[in-house]
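Trainee: Using the sequences and the accompanying hints, generate a full structural model.
Each residue of the sequence shown is one higher than the last, beginning at 54 in the numbering used here.
Simulated from the structure, these hints should not be mistaken for lab results.
Think of the CB as a built atom: it goes at the ideal place given N, C-alpha and C, for glycine as much as any other residue.
Don't take each hint at face value.
[Unchecked claim] Straight-line C-alpha distance at most 25 angstroms; calculated DSS-like pairs for lysine-lysine:
hint : residue 1 : residue 2
1    : 195       : 237
2    : 106       : 195
3    : 145       : 111
4    : 155       : 226
5    : 145       : 78
6    : 111       : 157
7    : 64        : 193
8    : 78        : 195
9    : 64        : 78
10   : 78        : 157
11   : 170       : 226
12   : 119       : 145
13   : 58        : 155
14   : 64        : 111
15   : 170       : 193
16   : 58        : 106
17   : 178       : 155
18   : 236       : 178
19   : 86        : 145
20   : 193       : 111
21   : 157       : 86
22   : 145       : 64
23   : 178       : 162
24   : 193       : 73
25   : 193       : 155
26   : 237       : 193
27   : 78        : 170
28   : 195       : 119
29   : 78        : 155
30   : 226       : 237
31   : 157       : 145
32   : 111       : 58
33   : 86        : 64
34   : 86        : 73
35   : 145       : 155
[Unchecked claim] With beta-carbon atoms standing in for the labels, derived distance ranges:
hint : residue 1 : residue 2 : range
36   : 236       : 56        : 25 to 33 angstroms
37   : 192       : 95        : 32 to 40 angstroms
38   : 149       : 95        : 23 to 31 angstroms
39   : 90        : 204       : 24 to 32 angstroms
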Amino acid sequence: MRISKEPEVRKQEIIDVAMKVFAEKGYEAATMKDIAREANVVAGLCYHYFQNKQELYKTAVTQYAKECSSAFISIFQQTELPLDECLDAMEKISISQEHGYKYKEFFNKEGNELFHKQLELYMSKEIFPFMQNYIACLAKRKEIQAEDTGLLAHFLWNGQSSVMNEESVPVEKRIAFIRKIFKKILD
54 MRISKEPEVR KQEIIDVAMK VFAEKGYEAA TMKDIAREAN VVAGLCYHYF QNKQELYKTA
114 VTQYAKECSS AFISIFQQTE LPLDECLDAM EKISISQEHG YKYKEFFNKE GNELFHKQLE
174 LYMSKEIFPF MQNYIACLAK RKEIQAEDTG LLAHFLWNGQ SSVMNEESVP VEKRIAFIRK
234 IFKKILD
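Mentor: What follows is the structure, encoded as structure tokens:
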């Protein structure tokens, strides 16, 4: 018997199932039929929401990047927050989310490095304007010196992303290293 669901609920289910199928089979090997079968829907319904597998994947990555970025964005939106408090908040988020991302299995799977880089790019686009504005506010209050807040924001975010992705090093050590570098650069 067919279960009727709200369109947005069904669409989200398809996205979640697609990421599970991508994690199991790999992006290239997965088909829309595989996704439909796993979601217990007809393939036509997947095509109703998404033109093709690429669009489904892009929608999932964009949504996931927003989800992964939202806690960091909320910190950077607190433009009155002193730098040390910002770093404390970022540290707490990084530790709490170390194993909590819902699609982490897919993005960290061997062979999916390109997909992981795409996620980093999407997250950077989400976070960058808020981080740049936060850095500009710090500079305006004379808490830091910044010649170009845009370049500085890119440098800091992309640098810390590379360090945080180095999973062979314990998360606490990665965070301590990032904090030390941020302080040296920004003080």
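Trainee: If a hint holds in the structure, say so; if it does not, say that too.
Mentor: Tested hints:
{"no.": "1", "hint": "195 with 237", "in the structure": "holds, 16 angstroms"}
{"no.": "2", "hint": "106 with 195", "in the structure": "violated, 49 angstroms"}
{"no.": "3", "hint": "145 with 111", "in the structure": "violated, 29 angstroms"}
{"no.": "4", "hint": "155 with 226", "in the structure": "holds, 24 angstroms"}
{"no.": "5", "hint": "145 with 78", "in the structure": "violated, 33 angstroms"}
{"no.": "6", "hint": "111 with 157", "in the structure": "holds, 16 angstroms"}
{"no.": "7", "hint": "64 with 193", "in the structure": "violated, 44 angstroms"}
{"no.": "8", "hint": "78 with 195", "in the structure": "violated, 52 angstroms"}
{"no.": "9", "hint": "64 with 78", "in the structure": "holds, 21 angstroms"}
{"no.": "10", "hint": "78 with 157", "in the structure": "holds, 15 angstroms"}
{"no.": "11", "hint": "170 with 226", "in the structure": "holds, 22 angstroms"}
{"no.": "12", "hint": "119 with 145", "in the structure": "holds, 18 angstroms"}
{"no.": "13", "hint": "58 with 155", "in the structure": "holds, 22 angstroms"}
{"no.": "14", "hint": "64 with 111", "in the structure": "holds, 14 angstroms"}
{"no.": "15", "hint": "170 with 193", "in the structure": "violated, 33 angstroms"}
{"no.": "16", "hint": "58 with 106", "in the structure": "holds, 22 angstroms"}
{"no.": "17", "hint": "178 with 155", "in the structure": "holds, 20 angstroms"}
{"no.": "18", "hint": "236 with 178", "in the structure": "holds, 24 angstroms"}
{"no.": "19", "hint": "86 with 145", "in the structure": "violated, 40 angstroms"}
{"no.": "20", "hint": "193 with 111", "in the structure": "violated, 37 angstroms"}
{"no.": "21", "hint": "157 with 86", "in the structure": "holds, 23 angstroms"}
{"no.": "22", "hint": "145 with 64", "in the structure": "violated, 32 angstroms"}
{"no.": "23", "hint": "178 with 162", "in the structure": "holds, 23 angstroms"}
{"no.": "24", "hint": "193 with 73", "in the structure": "violated, 45 angstroms"}
{"no.": "25", "hint": "193 with 155", "in the structure": "violated, 38 angstroms"}
{"no.": "26", "hint": "237 with 193", "in the structure": "holds, 19 angstroms"}
{"no.": "27", "hint": "78 with 170", "in the structure": "holds, 19 angstroms"}
{"no.": "28", "hint": "195 with 119", "in the structure": "violated, 31 angstroms"}
{"no.": "29", "hint": "78 with 155", "in the structure": "holds, 17 angstroms"}
{"no.": "30", "hint": "226 with 237", "in the structure": "holds, 17 angstroms"}
{"no.": "31", "hint": "157 with 145", "in the structure": "holds, 18 angstroms"}
{"no.": "32", "hint": "111 with 58", "in the structure": "holds, 23 angstroms"}
{"no.": "33", "hint": "86 with 64", "in the structure": "holds, 15 angstroms"}
{"no.": "34", "hint": "86 with 73", "in the structure": "holds, 14 angstroms"}
{"no.": "35", "hint": "145 with 155", "in the structure": "holds, 18 angstroms"}
{"no.": "36", "hint": "236 with 56: 25 to 33 angstroms", "in the structure": "violated, 54 angstroms"}
{"no.": "37", "hint": "192 with 95: 32 to 40 angstroms", "in the structure": "violated, 56 angstroms"}
{"no.": "38", "hint": "149 with 95: 23 to 31 angstroms", "in the structure": "violated, 39 angstroms"}
{"no.": "39", "hint": "90 with 204: 24 to 32 angstroms", "in the structure": "violated, 48 angstroms"}
This entry does not satisfy hints 2, 3, 5, 7, 8, 15, 19, 20, 22, 24, 25, 28, 36, 37, 38, 39, going by the numbered hints stated previously.
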